[in-house]
Amino acid sequence: MKSRIDALVSQISEVIVGKEDAVRLAVACVLARGHLLIEDVPGVGKTMLSQALAAALGLKFRRLQFTSDLLPADILGNSIYEREEQRFVFHPGPLFSQVVLIDEVNRATPKTQSALLEAMEENHVTADGITHPLPTPFFVVATQNPQHQIGTFPLPESQLDRFLMRIEIGVPDRAAERAMLLGADRREMLRALPAVMNDAALTELQTRARQVHVAAALLDYLQDLLEASRRRHRTGLSPRAGLALLHAAQAWALMQAREMVLPEDVQAVGAAVMGHRLGQVLDSAENGRALAQSLLREVAVP
Amino acid sequence: MKLLHRPFSAVGTTPLAAVELGLGLAAVPLFDQVAGWIIPLFFAAGVARLLMNRPGARLPSLPVKALLFGLGVGAIFLTYHSFVGVAPGLSALVLLVSLKLLETNTVRDFQVLALLGYFLALCDLFFTQTLGLWLYVAAVFTLLTAALVHFHRGTGTAGLLRSARLGGLLLAQALPVIALLFVFFPRSRVPFLQFSQPPISATGMSDRLEPGGVGSLALGDEVIFRAEFPDGNAPSMSAMYWRGSVLWRGDGLKWWRGPELPAERRQGQLGGAAIRQRIVLEPHGAHWLFALDRPATEIRGAFLDAGGFLQTQRPVLRQLQYEVFSRPDNRESTLPGIQRQATQRLPTRVSPQVQTLVSGWRTAHRDDRAVVDAALHHFRAEHFTYSLSPGTYGPDALHEFLFERRVGFCEHYAAAFASLMRLAGISSRVVIGYHGGEYNARGHYVTVRQSDAHAWCEVWLKGEGWLRVDPTEVIAPERISAGFAGFLENREAANPTGRVPSSARTGWREVRRELRLAWDNLSYQWDLRVLGFDDDSQRSVLANLGLGNFRWAEITFTLLVGSSLLLSALGLWQTRVRQPRRDPVELGYTRFCRVLAAAGVAREPWEGPLGFSERAAARFTSRAAAIREIAALYTRLRYAPTPPSASAFLQAVRAFADHPADLK
Numbered sequence: 000m001k002s003r004i005d006a007l008v009s010q011i012s013e014v015i016v017g018k019e020d021a022v023r024l025a026v027a028c029v030l031a032r033g034h035l036l037i038e039d040v041p042g043v044g045k046t047m048l049s050q051a052l053a054a055a056l057g058l059k060f061r062r063l064q065f066t067s068d069l070l071p072a073d074i075l076g077n078s079i080y081e082r083e084e085q086r087f088v089f090h091p092g093p094l095f096s097q098v099v100l101i102d103e104v105n106r107a108t109p110k111t112q113s114a115l116l117e118a119m120e121e122n123h124v125t126a127d128g129i130t131h132p133l134p135t136p137f138f139v140v141a142t143q144n145p146q147h148q149i150g151t152f153p154l155p156e157s158q159l160d161r162f163l164m165r166i167e168i169g170v171p172d173r174a175a176e177r178a179m180l181l182g183a184d185r186r187e188m189l190r191a192l193p194a195v196m197n198d199a200a201l202t203e204l205q206t207r208a209r210q211v212h213v214a215a216a217l218l219d220y221l222q223d224l225l226e227a228s229r230r231r232h233r234t235g236l237s238p239r240a241g242l243a244l245l246h247a248a249q250a251w252a253l254m255q256a257r258e259m260v261l262p263e264d265v266q267a268v269g270a271a272v273m274g275h276r277l278g279q280v281l282d283s284a285e286n287g288r289a290l291a292q293s294l295l296r297e298v299a300v301p
Numbered sequence: 000m001k002l003l004h005r006p007f008s009a010v011g012t013t014p015l016a017a018v019e020l021g022l023g024l025a026a027v028p029l030f031d032q033v034a035g036w037i038i039p040l041f042f043a044a045g046v047a048r049l050l051m052n053r054p055g056a057r058l059p060s061l062p063v064k065a066l067l068f069g070l071g072v073g074a075i076f077l078t079y080h081s082f083v084g085v086a087p088g089l090s091a092l093v094l095l096v097s098l099k100l101l102e103t104n105t106v107r108d109f110q111v112l113a114l115l116g117y118f119l120a121l122c123d124l125f126f127t128q129t130l131g132l133w134l135y136v137a138a139v140f141t142l143l144t145a146a147l148v149h150f151h152r153g154t155g156t157a158g159l160l161r162s163a164r165l166g167g168l169l170l171a172q173a174l175p176v177i178a179l180l181f182v183f184f185p186r187s188r189v190p191f192l193q194f195s196q197p198p199i200s201a202t203g204m205s206d207r208l209e210p211g212g213v214g215s216l217a218l219g220d221e222v223i224f225r226a227e228f229p230d231g232n233a234p235s236m237s238a239m240y241w242r243g244s245v246l247w248r249g250d251g252l253k254w255w256r257g258p259e260l261p262a263e264r265r266q267g268q269l270g271g272a273a274i275r276q277r278i279v280l281e282p283h284g285a286h287w288l289f290a291l292d293r294p295a296t297e298i299r300g301a302f303l304d305a306g307g308f309l310q311t312q313r314p315v316l317r318q319l320q321y322e323v324f325s326r327p328d329n330r331e332s333t334l335p336g337i338q339r340q341a342t343q344r345l346p347t348r349v350s351p352q353v354q355t356l357v358s359g360w361r362t363a364h365r366d367d368r369a370v371v372d373a374a375l376h377h378f379r380a381e382h383f384t385y386s387l388s389p390g391t392y393g394p395d396a397l398h399e400f401l402f403e404r405r406v407g408f409c410e411h412y413a414a415a416f417a418s419l420m421r422l423a424g425i426s427s428r429v430v431i432g433y434h435g436g437e438y439n440a441r442g443h444y445v446t447v448r449q450s451d452a453h454a455w456c457e458v459w460l461k462g463e464g465w466l467r468v469d470p471t472e473v474i475a476p477e478r479i480s481a482g483f484a485g486f487l488e489n490r491e492a493a494n495p496t497g498r499v500p501s502s503a504r505t506g507w508r509e510v511r512r513e514l515r516l517a518w519d520n521l522s523y524q525w526d527l528r529v530l531g532f533d534d535d536s537q538r539s540v541l542a543n544l545g546l547g548n549f550r551w552a553e554i555t556f557t558l559l560v561g562s563s564l565l566l567s568a569l570g571l572w573q574t575r576v577r578q579p580r581r582d583p584v585e586l587g588y589t590r591f592c593r594v595l596a597a598a599g600v601a602r603e604p605w606e607g608p609l610g611f612s613e614r615a616a617a618r619f620t621s622r623a624a625a626i627r628e629i630a631a632l633y634t635r636l637r638y639a640p641t642p643p644s645a646s647a648f649l650q651a652v653r654a655f656a657d658h659p660a661d662l663k
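If you read the protein sequences in the order shown, they are chains V and A.
Numbering-wise, numbering that gives the first Met the number 0 puts 175 at position 176 of the first sequence, and it's gapless, one number per residue.
Numbering-wise, numbering that gives the first Met the number 0 puts 10 at position 11 of the second sequence, and it's gapless, one number per residue.
A portion of the hints provided could be inaccurate.
[Stated by the list, open to error] Facing chain V, according to a computed beta carbon distance under 8 Å, are these residues of chain A, among others:
{"no.": "1", "residue": "F42"}
{"no.": "2", "residue": "G599"}
{"no.": "3", "residue": "A601"}
{"no.": "4", "residue": "E606"}
{"no.": "5", "residue": "L609"}
{"no.": "6", "residue": "A631"}
{"no.": "7", "residue": "T634"}
{"no.": "8", "residue": "R637"}
FYI, nobody ran anything at the bench for these hints, they're computed from the structure.
Remember, it's a predicted structure, so these values are computed and weren't measured experimentally.
We treat Cβ as the ideally placed atom computed from N, Cα and C, and that holds for glycine.
Construct all of the structure, not just a fragment, from the sequences and the given hints.
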């Protein structure tokens with residue numbers, strides 16, 4: 000179990016050099032059946048990370064570039080009249096894929112963003128009154144540039160909440176960068192990346208993550224965190240945020256090959272899970288992260 | 000839209016009924032102090048107010064209330080012709096409470112009503128302060144507090160019983176302050192606020208003896224006083240003669256005090272061992288204080304009058320406690336001339352038969368003592384009988400008693416005997432007081448009741464002084480040896496017409512007697528220790544506390560500071576953060592963390608067990624294995640689906656903590 004997850008992590012890390020923390024968090028996000036938001040400046044490997052993840056998991060990958068003129072139907076699909084069959088037939092959009100990378104999610108109009116996030120939440124797409132289920136596993140990786148750029152529509156808080164985690168990748172350190180500069184072409188490597196898993200194995204891992212034991216003492220700690228956030232901030236963490244934190248911590252514990260969740264697991268995923276839920280809409284990513292971290296430093300482990 | 004049944008009252012029916020019940024109970028002990036017509040008015044107001052709580056009902060308007068007020072005040076004036084005094088004042092208070100009831104409509108009204116209830120309950124204590132009444136007032140207080148609590152909780156929340164529990168708790172929390180104030184609140188010699196009930200003359204002892212005019216003796220069981228013997232040298236029951244007053248003037252069966260005689264000079268001639276008594280005297284409205292025959296010391300506020308009995312300057316209108324020494328063996332050497340003169344007055348009507356009887360004794364015996372014995376022998380030999388209902392005697396009562404009817408109770412015998420002695424030329428006087436009493440083994444004290452009233456005679460014998468002669472002892476020895484209650488019981492048992500009491504009935508009587516004695520003991524201790532805590536006791540308590548030289552200003556200051564400290568402590572305790580009970584695993588982990596903290600690696604509060612142990616293991620490499628093991632055990636205990644037993648963990652912690660020096 001652990002070896003398989005470790006293999007997954009090291010596989011991805013071969014492509015994304017020196018970013019094992021971000022990779023681990025991304026894997027945990029997948030295991031917790033959550034969606035991932037990567038927020039960073041261009042060129043640090045956001046796309047690369049999601050592609051590597053899809054490749055290593057052996058999942059079907061689709062990439063979508065969001066622009067301001069993109070319409071919901073462009074991603075969800077259209078019903079088109081088929082002359083031969085004499086009826087409307089639904090043509091699934093690019094969202095119907097196992098791993099969907101949405102580049103620059105904050106460039107699309109709120110209308111399109113809403114359509115996407117609704118699909119993410121419901122795990123299906125409804126067109127003309129007919130519900131079309133999305134494939135399983137279904138995993139969205141959205142990237143976003145820091146929001147002080149011109150021509151973006153920042154995601155509202157309520158929609159940020161749909162992402163289990165928000166992570167940054169950051170520039171690699173000097174040694175890692177050197178290794179990258181010296182190494183082979185990333186695209187070549189990506190194409191050659193062997194899958195270490197298939198969707199059945201992933202589904203099994205996701206199920207096992209939910210089964211990691213959560214003791215009453217841990218729930219005490221988790222609830223202390225939630226309450227502290229509500230005391231400190233006008234809009235504290237929602238119950239959904241609490242669930243997200245729990246599932247992420249369970250996934251993290253599974254990655255450590257532990258049968259129970261420890262406060263350390265919560266702390267490990269805490270900043271990624273809570274950061275974008277605590278940070279105000281217009282705040283930078285660092286701000287939300289700092290809030291989450293100070294919250295973790297403030298609440299005692301009971 | 001028309002509002003039909005507009006809820007008009009902020010006062011719910013349950014709290015209203017509760018506070019009315021409290022008010023009613025608080026007022027009951029006052030009923031014989033207020034005008035009679037107030038009582039039905041008071042209850043009518045309560046019932047009317049309850050009925051007004053129905054939907055659609057209305058409270059009386061202002062003119063109606065004003066009319067009622069005017070009528071009530073007028074009626075009080077017509078009843079008492081004054082507004083000054085206890086009874087008019089209390090009547091006005093009850094009247095105003097009734098009217099307040101009728102206008103109670105708001106939160107504020109309700110609170111005023113409850114406060115009036117407290118005040119009424121305190122008024123109950125103006126007159127008597129027995130233990131029973133105190134308990135009653137405490138119950139009324141609890142009820143009123145419960146009503147307040149219930150009212151403020153709002154309707155439909157919790158039962159009245161739960162409110163009562165909270166109310167009782169609130170009052171119980173006041174107990175420390177009560178205790179503090181009890182000890183330290185300045186006492187004064189003058190009663191602070193106390194009215195006295197008019198003494199009931201019918202039950203008190205009178206300083207006249209007129210047994211011939213009384214058809215039968217009605218003796219109540221009111222407690223006259225209780226006595227304790229602090230030195231443990233109580234005399235036997237039959238020797239317990241409680242001296243009340245001495246009657247110098249007599250005429251046949253009629254005896255009275257006569258003109259004031261100058262008190263004997265204290266000659267120190269009283270002999271015998273001194274018996275110390277601590278006496279709690281119930282108010283009787285007269286001037287005497289009781290003590291064992293014969294009191295030898297004066298006490299504050301009282302003096303020894305002619306005849307050697309204690310006389311107070313002011314009538315005893317409230318419970319009085321005093322300590323007195325008595326010396327049972329008197330040995331006066333000289334009879335003051337003025338007393339001799341007083342005792343030479345002879346009865347005005349002496350029939351020839353009486354005269355012959357007395358002259359017969361006198362000629363037969365030269366010695367005074369022999370004459371006394373002869374007289375006693377006469378009573379024994381001539382079939383005199385003891386009866387509580389001897390019937391009345393005519394104008395020549397002495398003759399009738401001695402030669403015709405020969406029936407009477409102690410007063411007849413004492414009076415007749417004293418008159419005979421005077422006729423025989425022996426100085427005599429009648430002493431009235433009490434005899435015996437009921438010994439309470441629990442509290443080691445004697446309760447003397449009205450039914451223990453007794454009269455006996457004293458004669459002057461040369462060389463022996465005043466000598467007690469109790470003719471009743473001769474007539475009805477069991478009256479003296481068994482005490483009055485025992486005497487009655489024996490007579491009842493001997494009565495052939497009476498049914499033989501079954502053993503169950505005697506058993507029940509025993510239980511009742513035991514209960515009565517226990518309760519009597521409780522109220523005696525209450526009187527003695529709580530009500531009897533006067534300025535003297537307070538001074539001695541304060542002296543024992545090392546406050547011998549205090550000033551009241553200092554005490555008051557201490558009191559204020561003390562009570563505020565006490566209340567603050569109480570408040571802090573109330574609002575304290577309730578720590579959950581900590582389990583051994585928790586304590587073990589805390590200990591582990593403490594040891595590491597002492598060695599220099601303190602756990603941050605937010606740090607989980609694994610993170611912390613890794614940090615500590617990195618610092619103390621020599622014990623890293625132990626640290627990791629403890630952390631692993633702890634995480635399993637705390638977070639694992641099936642926690643193992645705690646013993647391994649606790650053992651590991653103990654082993655670890657026992658060698659703190661290894662942490663380097």
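Now the hints, each set against the structure:
no.: 1; hint: F42; verdict: violated (55 Å)
no.: 2; hint: G599; verdict: violated (20 Å)
no.: 3; hint: A601; verdict: violated (13 Å)
no.: 4; hint: E606; verdict: holds (6 Å)
no.: 5; hint: L609; verdict: holds (5 Å)
no.: 6; hint: A631; verdict: violated (11 Å)
no.: 7; hint: T634; verdict: holds (6 Å)
no.: 8; hint: R637; verdict: holds (5 Å)
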